[in-house]
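These protein sequence lines are chains A and B, in that order. Following the working numbering, the numbering of the first sequence begins with 1 at its first residue and continues without gaps. Following the working numbering, the numbering of the second sequence begins with 1001 at its first residue and continues without gaps.
Read the hints as simulated data drawn from the structure, not as lab findings. Keep in mind that this is a model prediction, so the values were computed, not measured. Fair warning: there could be bad hints in the mix.
[Stated by the list, open to error] Calculated lysine-lysine pairs in the DSSO-like style (CA-CA distance at most 30 Å, straight line):
(1) Lys179/A x Lys131/A
(2) Lys1187/B x Lys179/A
(3) Lys155/A x Lys134/A
(4) Lys134/A x Lys179/A
(5) Lys131/A x Lys1187/B
(6) Lys166/A x Lys134/A
(7) Lys1191/B x Lys179/A
(8) Lys1187/B x Lys134/A
(9) Lys179/A x Lys166/A
(10) Lys179/A x Lys155/A
(11) Lys131/A x Lys155/A
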Amino acid sequence: MVNDERDERFAGEIGGVLRAGPASTAAARARIMDAVRAEPRPRREGPVAVFGRRIVRHPGLALLAAASIAAFIALGRAVRVEGPVQPIPGTGVQQAATQEPAVHAPVVPAAGGPPPAEGAVPVQFVLVEPKARKVSVVGDFNDWDPAATPLDSSKGVWTTEVEIPKGPQSYAFVVDGSKWIADPGAPRAPADELSAGYSMIVVGAKQ
Amino acid sequence: MSREGRSGPVARRVAIVTEPTVRGFVGVDTTDAAIVRRILDGETESFAVLVDRHHARCLRLATRLLGSVQDAEETVQDAFVRAYRALGRYEERDQFGAWLTRILVNRCRTALVRNAREARRFVSDEVAANAASARDGADGAMWRAEVERALAALPAEQREAFVLKHVEELDYDAMAEITGAGISALKMRVKRARARLRALLEGESSDGE
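When you get a sec, could you build the whole thing from the sequences and use the hints?
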């Protein structure tokens, strides 16, 4: 306890020393603005428009998700699915939604949608999280930006499709903007200081 | 010079470095949220106001997380550009500064993972030996350099938690929002970082590890 108090006092002192950061120069800020001017003008992105566009693009997404989730539950373990997923008659989201936490595995979606960029493969992410208000997926493919790749919800089943470069990719889900969770249906990333709790997939590999 | 003696000038420099530079909008709402609205309405040059306001803080944070001013400048520029691209997704209920910090911390994480330089740069024994010398000497710059080296010797997640808590002076709720880590985990990381830093810089044994 005494050590804790000393550590805390010392930390406050160290924090004061470190608060003197490098100077923000006009030149550095000008470089940022030059880079910004090369970007397209940002536009408001309403959630309804995003949701609607994705539903049109993937009309069978929720059904595919429910089917794949039910299949995983039936098997009693998480598995990865390569290739199109076939719906399983008589299964639905309600059964999956009672499972805690989510059961999911990234899958390659059925035909449809634009072709992926060269060297990239479309991967479908599914997370069952009925109580979540929003879910996104973060990984090397979107620079771990929680705002970059939101998932769409249908009765608590959150799905999205992302084109991901081939090769090993670590990723995680972000629930309600702050809770980072590993994918319960995928292997964990090799542990290092910052990736503990992340998941790992190998895109484009036979599994 | 004692460490207490050095803390005064440091604090004054901080006040100068972090003071926001607000461009003149007389009679106009100059909150970050209002400026974002203006940018989305087409006044894209107003983004310079946000850059002016947040650049110093972002540069300091990135420098402390990455251990290199050059890497930090590149990463901060990247974070601002990404924030600009994603501005349409910014939700006003979030503080722009917190939102930008989330982007920056994630960019720093990516930079650390991608850089082989993430490997600890300094040997702990070397840090401890130099720190003892600097602490007893009269050179404040040397002491600060040793503090920076000790910080760089921490595991990345402890360094991140320590910087957010004791340099950026955020509370644990804000830290959890930015890092995605739980509050208990953050408290443990901060506790371990404090103990490790003290052990490195004062040569004190600690039960924090």
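Evaluation of the provided hints:
1. Lys179/A x Lys131/A: Holds: Lys179/A and Lys131/A sit about 13 Å apart, inside 30 Å.
2. Lys1187/B x Lys179/A: Status holds; Cα separation ~16 Å.
3. Lys155/A x Lys134/A: holds (12 Å)
4. Lys134/A x Lys179/A: holds (11 Å)
5. Lys131/A x Lys1187/B: holds (26 Å)
6. Lys166/A x Lys134/A: holds (27 Å)
7. Lys1191/B x Lys179/A: Holds, because 21 Å separates the two Cα atoms, which is no more than 30 Å.
8. Lys1187/B x Lys134/A: With Cα atoms ~26 Å apart, Lys1187/B and Lys134/A stay inside 30 Å; holds.
9. Lys179/A x Lys166/A: holds (27 Å)
10. Lys179/A x Lys155/A: Holds, at about 20 Å.
11. Lys131/A x Lys155/A: Given pair Lys131/A, Lys155/A holds - Cα atoms ~10 Å apart, limit 30 Å.
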